[in-house]
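Q: Here's the letter readout for the chains.
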Amino acid sequence: MFRIYCPYCGELREEEEFHPKGPAHLARPADPDNCTDEQWGDFLYFRDNPRGLHNELWVHALGCRKFFNVTRDTQTYLIKGSYRLGESPDQARTSGDQA
Amino acid sequence: MQRYSGFGLLRHAMSHHENWQRVWRNPKPKKHYDVIIVGGGGHGLATAYYLAKVHNITNVAVIEKGYLGGGNTARNTTIVRSNYLWDESALLYEHAMKLWEGLSQDLNYNVMFSQRGVLNLGHTLQDMRDIQRRVNANRLNGIDSVALDTQGVQEIVPIMDCTTSRRYPILGASWQPRAGVARHDAVAWGYARAADALGVDLIQQCEVTDILTEDGAATGVMTKEYGAIKGGRIGCVVAGNSGVLAKMAGFRLPIESHPLQALVSEPIRPILDTVVMSNQVHGYISQSDKGDLVIGAGIDGYNGYGQRGSYSTIEHTLQAIVELFPIFSRVRMNRQWGGIVDTTPDACPIISETPVENLFFNCGWGTGGFKATPGSGHVFAQTLAKGKASELAKPFSMFRFHTGALVDEHGAAGVAH
Numbered sequence: 001m002f003r004i005y006c007p008y009c010g011e012l013r014e015e016e017e018f019h020p021k022g023p024a025h026l027a028r029p030a031d032p033d034n035c036t037d038e039q040w041g042d043f044l045y046f047r048d049n050p051r052g053l054h055n056e057l058w059v060h061a062l063g064c065r066k067f068f069n070v071t072r073d074t075q076t077y078l079i080k081g082s083y084r085l086g087e088s089p090d091q092a093r094t095s096g097d098q099a
Numbered sequence: 001m002q003r004y005s006g007f008g009l010l011r012h013a014m015s016h017h018e019n020w021q022r023v024w025r026n027p028k029p030k031k032h033y034d035v036i037i038v039g040g041g042g043h044g045l046a047t048a049y050y051l052a053k054v055h056n057i058t059n060v061a062v063i064e065k066g067y068l069g070g071g072n073t074a075r076n077t078t079i080v081r082s083n084y085l086w087d088e089s090a091l092l093y094e095h096a097m098k099l100w101e102g103l104s105q106d107l108n109y110n111v112m113f114s115q116r117g118v119l120n121l122g123h124t125l126q127d128m129r130d131i132q133r134r135v136n137a138n139r140l141n142g143i144d145s146v147a148l149d150t151q152g153v154q155e156i157v158p159i160m161d162c163t164t165s166r167r168y169p170i171l172g173a174s175w176q177p178r179a180g181v182a183r184h185d186a187v188a189w190g191y192a193r194a195a196d197a198l199g200v201d202l203i204q205q206c207e208v209t210d211i212l213t214e215d216g217a218a219t220g221v222m223t224k225e226y227g228a229i230k231g232g233r234i235g236c237v238v239a240g241n242s243g244v245l246a247k248m249a250g251f252r253l254p255i256e257s258h259p260l261q262a263l264v265s266e267p268i269r270p271i272l273d274t275v276v277m278s279n280q281v282h283g284y285i286s287q288s289d290k291g292d293l294v295i296g297a298g299i300d301g302y303n304g305y306g307q308r309g310s311y312s313t314i315e316h317t318l319q320a321i322v323e324l325f326p327i328f329s330r331v332r333m334n335r336q337w338g339g340i341v342d343t344t345p346d347a348c349p350i351i352s353e354t355p356v357e358n359l360f361f362n363c364g365w366g367t368g369g370f371k372a373t374p375g376s377g378h379v380f381a382q383t384l385a386k387g388k389a390s391e392l393a394k395p396f397s398m399f400r401f402h403t404g405a406l407v408d409e410h411g412a413a414g415v416a417h
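These protein sequence lines map, in sequence, to chains A and B.
Residue 1 is where the first sequence starts when you use the working numbering, and the numbers rise one by one after that.
Residue 1 is where the second sequence starts when you use the working numbering, and the numbers rise one by one after that.
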């Protein structure tokens with residue numbers, strides 16, 4: 001059971017308030033019409049699926065309903081911290097934001 | 001291999017059962033094998049067995065980092081069925097079902113395959129339309145499948161609450177009488193024993209740390225315990241860890257690893273003699289021969305390799321079971337565990353060639369791999385023997401995620417396994 005920090009509410013909350021939404025930082029191809037099938041398939045379906053640190057997208061579904069990123073270890077399940085969209089993983093934190 | 005028989009049992013009784021032979025050898029690995037199979041679960045062991053038996057390739061090693069059948073083979077809810085919607089998957093799972101039906105005799109090992117039938121419940125009109133469609137598709141593919149109404153379901157499972165006042169009333173179900181359950185450990189042990197008897201080396205406690213390649217072709221594996229082991233062809237059957245092995249070989253898979261939890265209750269007297277599954281309230285349940293209720297449901301939504309999940313998922317699972325069976329509301333749960341399942345976007349497996357020559361993957365079975373164990377092994381053995389995907393495996397190439405030819409079982413059967 002996780003306690004996840006929401007960087008918009010500025011609080012640690014129970015996992016059940018959140019939904020995981022897959023890996024973070026998946027960049028949509030800039031020019032989809034000119035993608036090859038390989039490039040488009042890679043974007044849609046192929047994943048790094050790492051064992052270890054993983055940046056992933058979560059949504060505070062039963063809270064502020066905002067999307068943000070979490071850095072979490074997929075082996076130990078330890079959460080390093082959360083950061084807002086547009087920020088970088090090294091800004092992951094578990095406190096310090098104002099709601 | 002000493003054959004097991006009633007007479008053998010009697011003979012060993014004379015010596016107080018103290019002289020049974022070891023079930024398999026524990027050999028040191030050779031320097032070179034014709035085929036190396038990474039992963040000693042049910043699918044890997046079945047692959048080794050069929051390679052030796054059907055294709056006469058016996059210079060085979062199965063390399064397992066833990067112990068045989070210690071991963072998802074020992075962590076699933078043992079349900080076996082083949083009532084899938086699309087032709088490609090129906091044929092694959094039905095192939096497995098036919099092998100299940102003769103498996104105990106074939107392996108000379110009792111896998112306790114019990115064809116007690118599986119119900120897939122429908123709770124909405126759309127569920128019932130989907131069930132009707134799937135049942136018809138099954139029958140066209142020669143798979144036994146029947147659509148039942150509420151009355152028909154109630155007759156098969158009298159203890160289930162089929163009253164219309166429920167929040168999710170049971171409007172009917174699909175019913176596959178040939179489906180059922182099997183003893184999961186016995187499947188791994190049976191295949192291991194039979195494969196070993198045909199000369200396959202089962203190497204336990206040996207972790208693969210790298211895939212060796214030369215000029216874009218796989219030539220062997222590097223192991224932590226025994227160093228390099230060379231192989232003509234390499235087959236990876238490592239379920240949740242497939243992504244890790246693919247990374248060693250330098251490519252990615254359309255797979256994400258998730259925890260899938262299951263639990264068993266305290267043993268109770270025989271009360272449920274079939275398997276009940278529901279996609280809509282999302283849970284499945286059967287009763288083992290030991291008497292405990294075997295219960296499972298959905299994956300934890302986040303990626304994970306930790307073989308455990310969150311408590312809230314267990315809570316949802318049991319909510320679903322109590323919704324169907326209020327009679328079980330006070331049964332106490334005994335044990336709970338998690339396995340790491342390798343889910344694909346279309347909920348269908350990958351049995352495939354890869355970008356690396358002589359390297360093959362059998363993975364992506366997600367939440368429903370156990371039922372396919374014999375078929376998966378049989379088909380993958382043929383793929384490894386011929387060096388290219390066999391007829392049944394062809395639709396399950398990893399490259400379907402580039403061409404777009406997905407086998408979309410997700411809506412049809414991919415939810416509850």
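Warning: the hint list may mix true and false statements.
Cross-link-like lysine-lysine pairs, in silico, DSS-like; alpha carbons within 30 Å at most [to be verified]:
| # | chain 1 | residue 1 | chain 2 | residue 2 |
| --- | --- | --- | --- | --- |
| 1 | B | 247 | B | 98 |
| 2 | A | 80 | B | 247 |
| 3 | B | 224 | B | 28 |
| 4 | B | 386 | B | 53 |
| 5 | B | 247 | A | 21 |
| 6 | B | 290 | B | 30 |
The hints are simulated quantities; they were obtained by calculation from the structure and are not laboratory data.
Note that the coordinates shown come from a computational prediction; the quantities given were computed from them, not determined experimentally.
Q: Taking the hints in turn, state whether each one holds.
A: Consistency of the hints with the structure:
Simply put, residue 247 of chain B and residue 98 of chain B have alpha-carbon atoms about 35 Å apart, too far for the 30 Å limit, and the pair is violated. Our distance criterion of 30 Å between C-alpha atoms is met by residue 80 of chain A and residue 247 of chain B, whose separation comes to about 24 Å. Of the pairs offered as hints, the one joining residue 224 of chain B and residue 28 of chain B holds, with about 14 Å between alpha carbons and a cut-off of 30 Å not exceeded. Using a Cα cut-off of 30 Å, the hinted pair residue 386 of chain B and residue 53 of chain B holds, with the two alpha carbons roughly 15 Å apart.
The suggested pairing of residue 247 of chain B with residue 21 of chain A holds, with an alpha-carbon distance near 23 Å, which does not exceed 30 Å. Our distance criterion of 30 Å between C-alpha atoms is broken by residue 290 of chain B and residue 30 of chain B, whose separation comes to about 41 Å.
Hint violations for this structure: numbers 1, 6, all remaining hints satisfied.
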